[in-house]
Structure formats: structure tokens, C-alpha cells
Amino acid sequence: MALRVPVNLRKNLSVVLYGFQALSIGAVIVGIASLLLLPLDEYSRRTYISENALLPGQVHAYFGGSEQNIVRAFRREVDLLGNSTSDVVAERMAEIFRSAGLKVGKQKYEYKAAGGEYTGENVYAVLHAPRGDATEAIVLCAPWKNIDHLLNEGGVALTLALSRYFKRWSLWSKDIIFLISSDARAGPQAWVDAYHDLHGPNIQSLSVKSGAIQGVVVVDYPGAYHRFESLHILYDGINGQLPNLDLINTAVQISRDQMGLRTDLQEMWDHADTYRHRLKTMLRGMVNQALGHSTGPHSSFIPYHIDAITLATHGDGWHDEGSLGRTVESVFRSLNNLLEHFHQSFFFYLLMAPNRFVSIGTYLPSAMLIAVGLTLTAIRLWLDPRSRTKAEGGEAVEQPDEKPTSKATKEGGENKAVETVIDGGPKRELFLPLSVVIGAHFCGVIPFAVFNIIDYKSMSNVFYLFIATSFILPTVLSVFITLTASEHRLLPTFHLSRCFSLLFLGMFLSTLATVNFSLSFLIGIFSLPLMFARTTPTSVPLAFINTVLLQLTSPFAALFIVANYWGLGIEDVLKEASFGWWVWGMWTPVVVWSVWWPAWVVGRVSVDASFVMALTGKTSG
Amino acid sequence: MDRKCLLVIGVGLLLRLVLFTAFPSLPTILAQRVEISTPVTSYKRLQEGLFLYTHGVSPYDGGVFHQAPLLLSLFSILPDSTILTNVFYVLADLLSAVSLVQIASSGVSGVTPHHVSPRKDNRWPPWAIAAVFLFNPFSIATCIARPTIVFTNSIVLHSIANAVQGNRAPAFVSLAMASYLSLYPVLLFPPLLLLTYDCSKAVSKPSIQAIGAICTIPFVTALFVYLKLSHVITDSWEFIVSTYGVHLLLPDLTPNVGLWWYFFIEMFDSFRSFFLCLFQLHLFIYVPGLCLRLRKQPLFALITLVGITSIFKSYPAIGDTSLYLSLLALYNHTFPLMRYTFFLAAAILYATFLGPAFYYLWVYAGSGNANFFYAITLVWSIVNALIVADALYAVLRDEYETERPELIGKDVVQI
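Residue numbers (full-length UniProt numbering), protein chains in the order written: chain A, 1 to 621; chain B, 1 to 415.
Take the hints with a grain of salt, since some may be wrong.
Stated by the list, open to error - Below, simulated BS3-like cross-link-like pairs (lysine-lysine); rule was C-alpha separation at most 30 Å, straight line:
{"hint": "1", "chain 1": "A", "residue 1": "Lys427", "chain 2": "B", "residue 2": "Lys120"}
{"hint": "2", "chain 1": "B", "residue 1": "Lys296", "chain 2": "A", "residue 2": "Lys427"}
{"hint": "3", "chain 1": "B", "residue 1": "Lys201", "chain 2": "B", "residue 2": "Lys296"}
Note that these hints are calculated values from the structure, not bench results. Quantities reported herein were computed from a predicted structural model and do not represent experimental measurements.
Here chain A stands alone, though its shape is the one from the complex:
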């Protein structure tokens, strides 16, 4: 059989063990290095349009001239409504849509998360395609308040103007839905949920609907009468899912080649296309993907397999609503050309400049290699003779392999069966390590549930309490195990706990890498110390270093880093997580609390055991 371990390797187990260690370290190093190589020209590719039907920028865009005056008039309307309540806004918007001859629907929604209430009213209008059969639709969306809670004057005004303008064209083959969502975070989610009839009782159903949504463009153009310099394209969806690359390429190509508009990604305002800038863009993209949160109204559409982007204006330049209107018009003409749902181009990619990307085949190995490194470590720990519990009294059997000594006794009888008494070699005792690891994973439900239920105000207090608990819990556990289990079982127990914990972690991370690459990669990087942090009862300083290292790479440390990265308080991050879970169905908290945190706890347990064993003198193992 091909998988048979060669006999000579079984004899020389230490060679195998060193081999595994070298392999796992090698896998991790190669994994990280290969990620850093991605921005180079040799590994990344220029973007290209895969779907020939899109024909981006092939049509003349006519929006402009007198239409601009209409936009300015609507700006004034929006400005006047500025601080009105959402139902007043919705009513006025509905009136405008109706006067343009469109079918209008309104939708109230109400979400509760982290002790806060998020209410609002979406308003939308459907333009039935003169040449279509209402089986497909494209959406133009403008949130009333954008993601930074600024009044999206330009975006809303432009949407209103475009609704009148598009109505005059007879070339649409897909319905166009104009959506003005009440805010940028909860509103689009409520609307898209209701569009697919997957909403709860807290959300109103939609009165008017159209066909399957093929694409969404969100316009985010806040501020009064300002001109802008560049278009910021936002594309990250909930849970790190991404829209089809063709949609982004279309938007980039139209703005760049047709409108002479610069496009930016990931808030990289001066991208010089150097290695550093590419790497930074990619890493920022990865952080957004890993957090799996919403970066704009488009994010909520992506889980429904609807490709969506936000076009946000940035800076102060010479472009005005005319340029933005023509860009949107041209993108819509391209979307209108689609013969089937976006499928040609990539769904898994990392962008490092508006026109450079790497696809999944190139970048996936780096996250997989880290998961493989963890798994290889688990296999090494399993093969290690230290995973086996020696018989009471110690040195009875030294061999790593089980070589049952036998004394055969012939037994009479008609079946002539020979009964052999087997004195088993050293065995692995699986029960305690398995229950520690599985128990830790089940305990992950507790912080997850607590942080999703409690109020915003008490969050930071509960969080510090939880940090303290998680700091003490592993120590308590290791004290408990050390005091209850007999001495010769201790080391194998901690050894095997680490083995199973790393095996689970490697497995979870490789699964996660296929769904959300960045989250898997980042957790993998933070979990690297778990590969080395072992029980060292004979060397307390080493154990101390390990503890510090583990503490620095704990999920809490990561939370603080995230909070710092955005300059938010820790309670804001937790509130965002809770909001994400209740409103968007964001899975990141589940992964952190029931995959990463348990692995970390088990790692701490085995390191803390060193101190306890050294103190109690149970060091022989």
C-alpha cells in the first residue's frame, strides 16, 4: 500500500519527528513569504474584462448639460429635508419618484443589537424595462446617510435625477430599481432580505418587486456642492465575500478610460504602484475581508450572490456630478448588456491596485500552508513517544512503537485456537486530553453568547472581566489537572491536548481559508506561537517566555489591535461585532470565540502546567 510508512523510518522515529518539525516550520515560512511575494509583477496579474458582453465604455454617455441643473435642484430638496425624520424623507422621495412615473415602494425596518435600536424607512422605485420581461433587475442605491453618517446629498440627488433620465431611454433590457436606503448599514440589509422574502417580523415586506438582481451600484457623494478628485471603489462584502472581479474592472475601466477619473481602493489615496503601496492595499483589503464587516451599503447584497460595489467620491478636484452621473450611466449600460449573471471572472481575488490582482490559485497556498504547518505539528506531537503514558512506575517500556511482549499458551479444545496474552505497550490515553479540547471549544459559546446579548454600556466592563477570567481559567484548569491526575500521566495529557487542539485549529483554518482566506490567514499568523508553546516543567523561564508570547498573540490582543487600527474604543468594536451578528449575519465572532479562543486556552493550559508542575514537584512525567 502506498501509504505504508517504510520500516526503517519506524525504527528511527526521531528522524521522522525532526522531519515533521522542519516541514511544519518550513510550511509556515514559505506561507508567509509567498504572501509577501504576491505584489511583485511576476506573481500578480493585470486585471482584464472576462465577460465580453459587458463592453465597458463602448457607449457614449449623455448625462450632463441640463441634467446637471436637475441634480442641483434635487440637491436643494435633499438639503432642505436634511434633518427630517425618516418617514418624512421617505414620503418626499416617494413623491419625486412618482412624479417621474415610477412604481414606488416603502419599507420600514427596526433592528435591535447591543442594546441599541436601529430604525428607518427605505424608499425605492422600479423602472420597468421597455425591452425586458421583468425577470432581471439592476439596482442603483444611495443611502440617505453614508457609512460615516454624513448626509449623502450628491448621491441621493444624482439617483433622483438619474431615475428621471433613465426613464426616457428605451434601451433598457433589465428593470432598474432606484433605492434610497435610510442608512448605509442596516437599511440595505433590511431591503435585500425583504426582496428575497427572508426577513423577520421586524422588517416590512416589499410591496413592489422585480426580477433577480444582477448587479448593484451604490453612489456615495456626501457634502454640499463639492467637486471631487477621485472615485473610491469599495467592494468588500459581509463575511469577506467579494463581488465578481468583472464588475470592479468595468467600473475602473469606465472611470479611467472614458471619464479620466482616478480610482482608489482601500483608502490608498496616493497609490504610486510601488511594491510598498501594492502590499499596503492588499493588506488593508485583507483586514477588511478578515473582519467580514460591512464597508458600505453594497456589502449587504453580496451574500445573496448579487455583485455590488460602492462608488464613493473623494478629495477636492475638478470632477462634478456630471462625471459621476456619466460614470454611473456607462456602468449601467454595461450591466444592461449582461446576458447571464456575472460568472466569467474571479470571485476570489486580492486587489493590490485598481488594475492589479492575484487570483485564488496564487494566494490560497499561503493560508493553506499555515494550516498545514499546524496540522503537521499535530501529527508530530501524535507520533512523539511522549504522547504515550508509561506504565505506573516509569521505565518499563522505552520503545516508541508498540511491540507487545507475548507469552503464548497453548490451549486445548476442538477449535485449537491459541490464546495469546498481550501485555500492551505504552498507550496513549485519549480521554482527558480530548475532553479538555472539546470542552474548551464548547465553552467558546459562552463569550459569544454573552457579547451578543449584553448592552453597549456594560460591554467594556464585561470585556475586562472576561479578559481576567480567560487569564485565570487556563491556570486554574492546569492546576486542577495537575493535582488530580497522577504524575506519570501529566506530560502525555498536556502533550496530547496540544496535539488535538492544533489538529482542530489546522482543520478549521483550512476550511475557513476556502471561505474567507484573510480571516484564516490572520488567525493562523496569530496562532503560530501555539506551535511552539509546550509544557516545560524543567525550564520555568522558557515557560514564562511562552506565556508572555501567548498573551501577546491572544484574541484580546488582536481585538485591541483592531480597535487601535480604527482609533475606536474596545466597546465600539464589540458593538460592531454584535451588530454584525444580529443584522448582517456576520460570522467573524463565531470563528474568534469558538475556534481561536479555545485553541489559545488549550495552549495556555499546557504552558501554565509547567509552572504548576514545577511548583508541585510533579516534574518527572
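Since the structure of chain A is provided, determine the placement of chain B on it from the hints.
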């Protein structure tokens, strides 16, 4: 049955009841998983058939329902209450657990008339075997999702339990029921016959031919009665085509954890019948070989056949694998002789997690395609095949060491 057995079984059943009541939406979610429900076992389709049946329409008309007619009459007698249905499924698992305890207590896995394992004292106690079944996530998920494979499994186990206790007629009547419900248990007839022969308690043993006759008669009679009853219930023979025909001809290509669906999606029509015959015959060829080679341990031949069927049958689900794994626990004393335990355990865990992830990418996220899921079902099948092969190796090695005790602990070199 001692107190520990009762405790384990009680906790296992309680766990299922708690899951049913604490998460009322869980059965629906799990029942939609293709890994758990197949077209021939799905609870949803059973309800569809039941609806048609109770409204006087032939349940086999729509081409949706492919399960045995007796299930229809059983479920139409049951009061229309979710709780009672759930309890009924839990009771089926209770029967399975009790049967496993009986099989384990009989000690057949360690001592047969032809073979006494040198490691027989390392066997796990019956409660541990029951625990392996009751706390296996695969069997829990299967019970919660309520596919009808649960009944087939418990009847197969019941049949084996009767066989090891020497109750010939009940064993074969049960086997007939299992075969009636899902066809493939009919493959277990030869090893079960050998098992019954080895375990018969009579002082003067009749010849194997006589036993064969004694056992075939109840089997065939029972099977005939079940089919005739089904005919009476549905008032036509069309159920044969809609149930066994579906097992044999694979008209429904819904994905599952097996190897057939993808293969037959890709197949050109002209080759379809050839490969259908080939795939079905492939399952049969293992029966004589295993019965001959494992003549000394017919129970293990039977278990291995269960394992092989769970990989290669037309509509497998994780319920089949859970049956095999629970039965395999009876031979845990040979596990130290297996060579890839850790690798296999890790691989089966990997497949368990990657399978749903890839299915999600394919069906929901739309960013993957059918090849993703198929790749994982391949891994799943390979891992299961390796478990079957490795367990077989361990048991044969155990047998071998009984004959040649001087070779215990020596490495085997394959030339």
C-alpha cells in the same frame, strides 16, 4: 444490561430529545443537508408522499417519493404530531443502542468457534460501544434530521443482535425488513447466515445447508409478505420501480456524499446502462470473497460489508457511515494493529468540515462549482475505504498472530 449501559443509553436519548426541543429549527436545517438526507431517505420527501397517500393520490406519481409503502402506512397511523414523530425516531435509536449492547455482550467480536482473539480482553465494555453509537455526531445528526435510514440501521442492528443470540427466524425476518426498506442490506444475507450458524446454541448443530434452508425460508417469506402488504396498501406494483428501481437505476442525481451522482452526471447516455450494471455488480463481488476469507469471523465480514456498502451504494449518507463506525467499535481490540488511525481520524474530520464549506461555496455563494463538493466526497470515500481496508488488515493480522504467535510485533513487508 448493567447500570452503566442504562445510564449511557439514557443520556444519549436525553441528548437527542433535548436537541429536538431546544432547537426546534434544527431538524429542518439538518434535513436539508445533502450529506444527511438522500432522495431515498429524506424526511421531507416522506412527508410529501404521506400527503399524497392520505389524500388518495398514488404517492409514487410525482416522482418525488422513493420510499417503501409500509413507511407510509406506519406514519399515517402515527398521530400527526412533531413531538411524537421525534420520539419515534429516538426510539429507533434506542433499539439500535440496545442491539449494539447485546452484540457487544455476546462477545462474538472476540471469541468465535473458530477463532479466539489474543486481544479479546482489551475489548471495550458494552456501554462504551453504545456510547460510540449514541454520541457519534454523525448518528446524532442523522437522528435529528429524521431520514428513514435511521429505521434501516436499527433494524439491521436488531437483526445482527438476534443472530448472535441464536434467534434465527427473528434475525432473518428483520433482515428482510431492512432489505425491504432500503434494498442493500440484502447483501448482508450470506455473512448473517454464517454468523447465525456459528452462534446457534443447539447442542447438535445441523449442517450449514440445513441452517441455510431454515434461514432462507423466513427471509423469503417475510420479504414476500412485506411486498404483498405494500401491494395491498398502494393497490399497485408501481412502488417497486419507484423504490428499488431508484436504488438500482439512479434517476435522481441530487448530490450526496457518494461517488455515483457526479459520475452519472458526466456520463454519456450510451454508457449509462453499462456503468449502472458495473457499479451495482461491484457491490456484489465483495460478498463471496469476504465471507470466505473471514469465515472465522463472520461478524467482521458483515461489518466490512456494511462499510463497503456505505461507500459504494447508490445513495449513501453519513447515516450509513455512522452505522459502520459504531459496528467497527466492536473490534476496538484490534485498533492498535491499525496503521493509520490518526491520519484517518484527521482526514475524516477534515472531510466533515470541508464538505459543507465547499457545498456552501457551490450552491449558496456561487463562487465555487460542483467539482468542489465532488472533490470532498472523493476524499470522504477514500478515507472511508482506507478505514475499511485498515480495519480489515488489523483483524486479519490478529487472526494471523493467533496462528503464528512467534510473529507478534514483527513488521509486515509487502512485496
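Structure-based check of all given hints:
1. Lys427/A to Lys120/B: Distance of about 17 Å is within 30 Å: holds.
2. Lys296/B to Lys427/A: 28 Å, holds
3. Lys201/B to Lys296/B: Measuring from Cα to Cα gives roughly 17 Å; hence the hint holds.
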